[in-house]
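K.L.:
What follows is the residue order along each chain.
Number of protein chains: 2
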Amino acid sequence: MPTAAIVGGGVIGSAWASRFLLYGWDVRFFDPAPNAEVVLNKVLDKARRWVPQIIDTLPSEGSLTVCRELSDTVAGADWIQESTPERLEIKHAVLRQIQAACAPTAIIGSSTSGFMPSELQEGSGRPEQILVAHPYNPVYLLPIVEVVPSAVVPEDRVQRAEANLRDIGMKPITLRAEIPAHVGDRLLEAVWREALWLIKDGVATTEQIDDIMTHGFGLRWAQKGLFETYRTAGGEAGMKHFLEQFGPCLQWPWTKLTDVPDLDDDLINLIVSQSDAQAAGRSVSELEDERDANLVAILNALRHEDRAAGAFLNQLASVEARQ
Amino acid sequence: MPTAAIVGGGVIGSAWASRFLLYGWDVRFFDPAPNAEVVLNKVLDKARRWVPQIIDTLPSEGSLTVCRELSDTVAGADWIQESTPERLEIKHAVLRQIQAACAPTAIIGSSTSGFMPSELQEGSGRPEQILVAHPYNPVYLLPIVEVVPSAVVPEDRVQRAEANLRDIGMKPITLRAEIPAHVGDRLLEAVWREALWLIKDGVATTEQIDDIMTHGFGLRWAQKGLFETYRTAGGEAGMKHFLEQFGPCLQWPWTKLTDVPDLDDDLINLIVSQSDAQAAGRSVSELEDERDANLVAILNALRHEDRAAGAFLNQLASVEARQ
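These protein sequence lines map, in sequence, to chains A and B. Numbered by our numbering, the letters in the first sequence go through residues 16 to 338 in order. Numbered by our numbering, the letters in the second sequence go through residues 16 to 338 in order.
Hints are computed from structural coordinates only; laboratory data are not their basis. In this text, all values refer to a predicted model and were calculated from it rather than measured experimentally. Some hints could be false.
Same chains, same names: a pair is fine if it fits in one copy or spans any two.
Said to hold, decoys possible - Straight-line Cα separation of at most 20 Å, SDA-like style, residue types lysine to any residue; simulated pairs:
id, residue 1, residue 2
1, K57, S133
2, K255, A292
3, K61, P187
4, K57, G249
Hey, can you work out the whole structure from these sequences and the hints?
P.N.:
The structure is reproduced here in structure tokens:
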């Protein structure tokens, strides 16, 4: 069995560990935080509950070892996933310790949401071993992972990284240009900024914005992204005609994108109170269960939908082929 | 049976007509364009195929009358839906003709994606009758509709509008502040602008951006919006703690929101060629069928998911209660 080393737990690292385990990898886990194992077990319980509901024939679960030393964790591992706090000096220090103990052939993936691989590789004697492998929460269910190598990572290593990620049921998207925050989080930040303005200016509440998303374009984007949606909406006149119409709109003063809203105490308190009202007493644990039950239902709905679920079907088929 | 008058066809107006018909309203339809009936019948065929798959007990379909005169279309109608081109002088002229012939008690909804209700009401003798009712494509399946009255629309009329929209299976979100492009399209434009930069700068292709959406945050937003997703991700530490961490990120130079990308011929051609590659020969009609089959599958998955599909269940229950 291949072995994954998880360096840094929390919600993200623990979910990486759970995904590797459930897809049959052996896992070694390291996080010096006192509650790290509690979080790991909580996330692993959730993953064990939900993942078998979207994969018909999972392999036997791998073995889990919680390590006391980082060096024991990474020695001999095939994949090392770093999920430490989002501060470059911390990541540099951890990567240095990892590389002092791991095999030169191992792949080191970083969960960083913001840093570029060349930043992570600074000062490393083996930069070709480090790449970004940025997942999305909940990592045990959402298939997406952004892979960002820099120019120093050889192509065969990139392909091995992609194969490893497919092996644990993920859909790697490899970005050939480095950019802070990669792709998904840039799109999310654009939405977030505009949403903050809408709240701050009293145009809509958090619940109204969420309802417009979940009953509108969220339903589109669960199955066709921005461009394929517009291609479809453009109709027989074609994408070029559609785009040529779109141009002028970008000059309209719709979005308040040119300003950064000040996320001050007043705005934080407004969002918190609206979000409390929206939750209507549901705990975060209940919200997590709702989210995961819905994700399972949607993934299965798309899996069983012959024509359009190709991507999901291919993903799951590749896992099943390994049995 | 209540009667809806559809003024202006195309994809949007025809889908409004289809939705009203399938939910049991009588419909009068007016569009002077030579191919208007062809488009209407095409959209109606699709709606007849898909809508019964998400509603267990639809009422009998209403009767459809295609009118030659605008005045015959709107006389005596309970709801008039205007879906003419997005130019204010056209909308003013059409609204003037509508109000010359319709009952003062009727509700006039405009499908405008950009204009504010007070702009539409300019120069009208009965401005209190006009409001924005902005739907999302495909209108026969997506439940969302943004209702924007201005201050001159009385509350009982707003409530009647909401009840009418619920009667045809929609989820009205009433916005109490006017703003160009309302809420959903502002969020969409924010994503669109950032996506254009990512394409233009060669960071990702249309297919990669779409894959990151459909295998990542699109799956989240089909069931929980931006704020509830972050509330959930924030964990037990709470929304306030989560927001306080988020603040500094907004100062990071992640998004290129401060500039408007120039959607010039080069960028249009780049997007078109990437979109062609992504479609891999599938026609727009095939893409529409994929989209609708997926939407039906997702809506049913959420409907049958006890805990979290409250909103959808409530919607569909309200339709069924009317039988």
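K.L.:
Each hint needs a verdict: does it hold in this structure or not?
P.N.:
Checked hints:
no.	hint	result
1	K57 with S133	neither (34 Å within a copy, 52 Å between copies)
2	K255 with A292	between (44 Å within a copy, 14 Å between copies)
3	K61 with P187	neither (23 Å within a copy, 35 Å between copies)
4	K57 with G249	between (46 Å within a copy, 15 Å between copies)
In terms of the numbered hints stated before, the structure departs from hints 1, 3, listed from lowest to highest.
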